[in-house]
Amino acid sequence: MQYNSKQTGIATMKPLTAWLSVALALTAHLSHARYSSPNFNKGGFGPWHPSSRGRPIPLPRVYQTAESTLRIDPRSFHFNIIENECETLQDAVKRYKTLIFKPANFKPCKNVEATCDGGDCLKQIDIHLQSPCEEWPPVRMDEKYLLQLNTDKAKGGATLSASSIWGILRGLETFSQIVHYHDCQFLVNTTFIEDWPRFPWRGLLLDTSRHFLPKTTIFETLDLMAMNKLNVFHWHIVDDNSFPYESARFPFLSKSGSYGQELVYTRKDLKDILEYARRRGIRVVPEFDTPGHTQSWGRDLPGFLTPCGAGNSWAAKEDLPEYGPIDPSREENYAFLWKFFGEVLETFPDQFLHLGGDEVDFRCWSMDENIRNFMKKHNISDYEGLEGYYFRRLLKLLDDISSKKKNYMVWQEVFDNQVPLDPDAVVQIWKEKWENDMAQVTLAGNPALLSSCWYLDYISYGTDWEEYYKCDPENFPGTPAQKRLVLGGEVCMWGEFTDSTNVHSRLWPRGSVAAERLWSAREAQDGDFLASRMNEHRCRLRRRGFPAQPINGPDFCEHLKAP
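Counting with mature numbering (1 follows the signal peptide of the UniProt record, and there is no 0), you get residues -33 to -1, 1 to 530 for the letters of the sequence shown.
Hints in this document: simulated from the structure, not taken from any laboratory. Certain hints may be false.
Said to hold, decoys possible - Below 30 angstroms or equal to it, Euclidean Cα-Cα: the simulated BS3-like pairs (lysine-lysine) are:
#1 K344 with K400
#2 K528 with K61
#3 K238 with K64
#4 K69 with K344
#5 K235 with K61
#6 K344 with K9
#7 K528 with K77
#8 K9 with K61
Claimed, not checked - Estimated spans, in silico, between C-beta atoms of each pair:
#9 P99 with P167: 37 to 47 angstroms
#10 G520 with P167: 30 to 40 angstroms
#11 K363 with F7: 23 to 33 angstroms
#12 K400 with S35: 26 to 36 angstroms
What you are looking at is a predicted structure, and each value in this text was computed from that prediction instead of being measured. By construction, the Cβ of each residue, glycine as well, lies at the ideal position given by its N, Cα and C atoms.
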């Protein structure tokens, strides 16, 4: 089969000239820009939709595969690192050999050993890393790779090459998905893949405040992100409900603000999570949301939060909390934020820090006499202006404390409330009528991220993934220059009704659909082809030990251990 993107920017057929003439009949599948819904067999025997075999998610940019297959003997197969070997690469090839041949819930045929010693065997993959390994993945990491299986004159020859370690990691994941187990043998089709992402920022937001998630659950989430080529872990680490971040400088924050001392991410936990993500080519962008969503911050910080009229009859009628957002009129609060964010910038190595800024409730500010007097003194006419004052102060202190300038990102309310932003500040769009919001943000010259379509904590009956696939971050009225400011998007998993018991099943494989939209060419629109690959991918994730939920109706998974 042959899967070509219209948006490759290069000739897609030339690399295969040498072997296409001897390959078996190739059938072609070309994605179209208009989405085609999958056909489900809801009235007959068996699954509603057939599963593919050895087809990857996300769909590669250039994907050409023949009917001929190569057998693999897992006992003798090996990855052969040709150049620029490093610890990250060594760790990856070891990890992927286990994922391919000995996943956690894999049930092979009994009393059958898959041997391979003929000319139709794939015995090794030569890995060509063309530059030394980078330590940390940058914002625009190079994830392009080239994977060729039996496409040269040497029978059973295979190569994986990339300019960066991050491209090698993505190529290893693709290879792990095109290997399949059939008739008691590990098989892979003769294949040529040239692949790179459409968008550089493909993220997952995980909320660890509403429900604390153990470190092992975060590790598993990072594994699943790598299996879907997502590359940004947006860690919404604290919120109103709890403060599970252990601060070295202010340990009382988690002692008084967490659900319990065992429900805190220690300094060692933070280092472990950062390293686990790094080895998988995943950036970690922490979010410390202010000035709202800070109830858990102020339990031992007198004067930090705005009193909300406790005992006031109007406050009771409005169902206001005892305290509201950070009090922006107190100079002591900025001194605290200077010290706290100084520690955060030292702890997290990524170039970006998420500052939040969403859902600031102005009612408590409006009830506080000191704040009203402060606004009058500083000629601030409304509470949007007061929020702007707060953010100008916060951004100034972040510039002052950072020896190496960091970039920041905010939720769309900060932009909507006309807070002055640096040109490189990223605005994250999350509200429903997102097309106009994306147009306005990019028209102002700011980079934008889309999340509106992919709030996966919302659930509904049926194949809700189809709407996720139709959503394209560039489908808004704007110029080509505006579209170039779209960095990508993020899947969001808020934690009100998810914890370690259901976060993986809620996310996967529904999140895989957004991952494909953010990685694959815009022309990838075939619902039938995606549905069949989704069924295969769900079973792949289950064999790897993760509780991925059914999303296409009745089906079954082969070679899966009984629960």
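- [ ] Kindly confirm whether 26 to 36 angstroms is satisfied by the beta carbon distance between K400 and S35.
- [x] violated (50 angstroms)
Open item on the list: K9 and K61 were given as a pair; does the straight-line alpha-carbon distance stay at or below 30 angstroms?
Closed with: violated (42 angstroms)
Open item on the list: Run the distance test for K528 versus K77: straight-line Cα separation, threshold 30 angstroms.
Closed with: holds (12 angstroms)
- [ ] Quickly compare the C-alpha distance for K344 and K400 to 30 angstroms and report which way the hint goes.
- [x] Not OK: K344 and K400 at ~37 angstroms, beyond 30 angstroms, violated.
- [ ] Look at the Cβ atoms of P99 and P167 and judge whether their distance stays inside 37 to 47 angstroms.
- [x] violated (21 angstroms)
TODO: Just tell me: holds or violated, for the beta carbon distance of K363 and F7 against 23 to 33 angstroms?
DONE: Given a distance of about 56 angstroms, which is not inside 23 to 33 angstroms, the answer is violated.
Open item on the list: Given a hint of 30 to 40 angstroms, does the C-beta separation of G520 and P167 actually sit inside it?
Closed with: Holds - the Cβ-Cβ distance for G520 and P167, about 35 angstroms, lies within 30 to 40 angstroms.
Task: Given hint K64 paired with K238 - CA-CA distance at most 30 angstroms - done: Within the cut-off at roughly 26 angstroms; holds.
Open item on the list: Against the 30 angstroms threshold, does the CA-CA distance of K235 and K61 hold or violate the hint?
Closed with: Holds, at roughly 25 angstroms.
Open item on the list: Does K61 sit within 30 angstroms of K528, going by the straight-line distance between their CA atoms?
Closed with: Holds. K528 to K61 sits at ~23 angstroms (cutoff 30 angstroms).
Task: Given pair status - K344, K69, alpha carbons within 30 angstroms - done: violated (68 angstroms)
Open item on the list: Please verify whether K344 and K9 have alpha carbons no more than 30 angstroms apart.
Closed with: Answer violated: K344 to K9 is near 68 angstroms, above 30 angstroms.
Checked against the numbered hints above, the structure breaks hints 1, 4, 6, 8, 9, 11, 12 and satisfies the rest.
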